[in-house]
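Enquirer: Got chain E; can you put chain C on it based on the hints?
Same order as they appear, the protein sequences are chains E and C.
If you count the first sequence from 1, position 13 lands on 13 in our numbering, and the numbers rise without skipping.
If you count the second sequence from 1, position 179 lands on 179 in our numbering, and the numbers rise without skipping.
Certain hints may be false.
A pair holds if it fits inside one copy or across any two, identical chains being indistinguishable in the list.
EDC-like cross-link-like pairs, simulated, lysine to aspartate or glutamate; straight-line CA separation at most 20 Å [said to hold, decoys possible]:
1) 20 - 59
2) 61 - 78
3) 294 - 167
4) 72 - 193
Just so you know, these hints were derived from the structure itself, not from any lab.
Protein chains: 2
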Amino acid sequence: MGEFSPRRIVFEIKDYVPGKNPPRPDVVKLASNENPFGPSPKALEAIIREMRNLHVYPEQKSLLLREALAQKTGLAEENVICGNGSDDIMQIIGSTYINPGDEIIITKNSFSLYELIARIFGGTPVMVDLDNQQVSLDKIGAALTDKTKIIWLTNPHNPTGTFFPKEDLTRFVNALPGHVLLVLDEAYAEFADDPTFPNGVDYVKAGKNVFVLRTFSKFYGLAGLRIGYGLATKELVAPMFKTKMPFNVSRLAQAGALAALEDREFLAATYANNAAGKKYLYAELERLGLAYKKTEANFILINLKKPADPIFLELMRLGVIVRPLTSFGFPEALRVSIGAPEQNEKFIAALASIIT
Amino acid sequence: MGEFSPRRIVFEIKDYVPGKNPPRPDVVKLASNENPFGPSPKALEAIIREMRNLHVYPEQKSLLLREALAQKTGLAEENVICGNGSDDIMQIIGSTYINPGDEIIITKNSFSLYELIARIFGGTPVMVDLDNQQVSLDKIGAALTDKTKIIWLTNPHNPTGTFFPKEDLTRFVNALPGHVLLVLDEAYAEFADDPTFPNGVDYVKAGKNVFVLRTFSKFYGLAGLRIGYGLATKELVAPMFKTKMPFNVSRLAQAGALAALEDREFLAATYANNAAGKKYLYAELERLGLAYKKTEANFILINLKKPADPIFLELMRLGVIVRPLTSFGFPEALRVSIGAPEQNEKFIAALASIIT
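Next up, chain E with everything else stripped away, as it sits in the complex:
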């Protein structure tokens, strides 16, 4: 017994390092892969309409939003669960499925929450190395044991922007043992433009043990609202409604996300801007002689080949906040979000002035 104290795992958890928010309006933030066009205007209209009901508890199972997401993805509403951001859904996956001692396979240099969730529920994180800044399905396969319960994969991967083509991922999914769940975090999938990019929903439709995570934080411009969703077989989703907090998704998140789904003009502009910004940044980085990874997401990893932290600080002094990847384990790389044209230009001008 002794004194009241936290669990041992608390001392194993590293602090989450968020992107910095701008101190002044003239500072450009390209650090957290947010939407440079702001929030979906249709979402804001819906939030104003819903506000008058804020004294009433939210619909417990986000019914209307799940119906709309089912229709959009060609699934049934029983295949959909909504959360307070997709990290809430990650936590519900943990509370529903992770037993103490379960092995949880996580790729190194990725989103730190996967490891936090594993530790919170007493799972054993099994960290798998990347291959040349690319997630290796072979290495993940080699890490599987009888104790493996969950594999976390991000497609496109954060922070590298790289992806698995459909053929490779399908082969991997088909070879998975029956006691393993693959969580496929598709936070950035709406930005992908490679024709071989797979749609995780196809695995759900095929009845595979694949849990697809999506978010309204990136493409839909609603990071501040906290709303994400998960897609999986009914058998995988149903028990999660027992372990989630009853009112996990606010009224404004349910209403705003529902409206954002239909904001065609905003979504088309977001997609087109990202495609154009990517081309521009590729060309400018090549002009500056900098190495980068081709991306399917709304950010680009730049390999500076020297320590990134001082360059991050210098960029901040010049009014551009990017993400040094030291906390991800790449101390010589920066991740820059693809912004609006004038933001991209400001970033390139600042970077050029530092490195040339």
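Expert: This is chain C only, laid out in the frame that chain E set:
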């Protein structure tokens, strides 16, 4: 190994039974202890001002709101943590402090989340009986063992509305062994008007192992927004920032709650309405010859002395939704929220027409 399957605990969890939401605007909901005056108007103004930033991730630690709460309570911001509703904070208490096998003392016939949280983190719920619909500190004391980690208490208690006076609770707190945390859920404390009602903050100031939970869902009229907070010693709060989800509180919740704290006119009207509604309902229930519990909250437990479910259904047909307490373990009791005068009158008229 075998097939992928949920944790055993999932099968031990009962479904959460929420209050029903009104199917038509003319139906009065007195089922979930929501604010009959709607949301705080100042909160809505703040939400509209904050909306434009919704594409940006929220401040990770709800800094401005915590500063305001610290000032309001006479504590420091390091004593405050905010969550996506107080149930989020309950979950963070679990992830930070509950080890598998820890005994978690819970009073029977109370808010079902306490048991859910215990089970999610592998704790062993130890259920303590009430004494004549009143939580018994003696019975809780008798349930303490070397394995006890947490005691959950609600003051005023939900669904009975009863409370512990300061003298009794202080004696109990002072006698707690050093290895035990008392979580004091004060969701309804703002409504209390008995001069002997204790303020949990005093125990925090005295450095006790007491974690006070508060919410904006009831008094502040923001149940649909999802925002609650916890107050405890710095030593208790600090590790919780490691295990919480990084962006657990939305931008709109942070901004709305901050403004609601200052909405003096709305808060004064809410308090006065509750005090007056309580008097009215006491008198009318006595006139109808019905037994009820004196309450320090914004609801009243009525002992019908016959099955409550049919009367709940009959009331619903008459346009009033209340809460039958069958799921709380009181099959012959109803809980009715104290509403605005016309809502209380509609409830009394409907109830009178059924039972007389």
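Enquirer: When no copy is named, should residue 61 and residue 78 be tagged within, between, both, or neither for a Cα gap of at most 20 Å?
Expert: within (10 Å within a copy, 34 Å between copies)
Enquirer: If the cutoff is 20 Å on CA atoms, where do residue 294 and residue 167 land: within, between, both or neither? Let me know, please.
Expert: within (19 Å within a copy, 67 Å between copies)
Enquirer: For residue 72 vs residue 193, is the C-alpha pair at or below 20 Å within one copy, between two copies, both, or neither?
Expert: within (19 Å within a copy, 51 Å between copies)
Enquirer: Between residue 20 and residue 59, at a C-alpha cutoff of 20 Å, which is it: within one copy, between copies, both, or neither?
Expert: This pair counts as between: shortest inter-copy Cα distance 10 Å, intra-copy 33 Å.
In terms of the numbered hints stated before, the structure departs from none.
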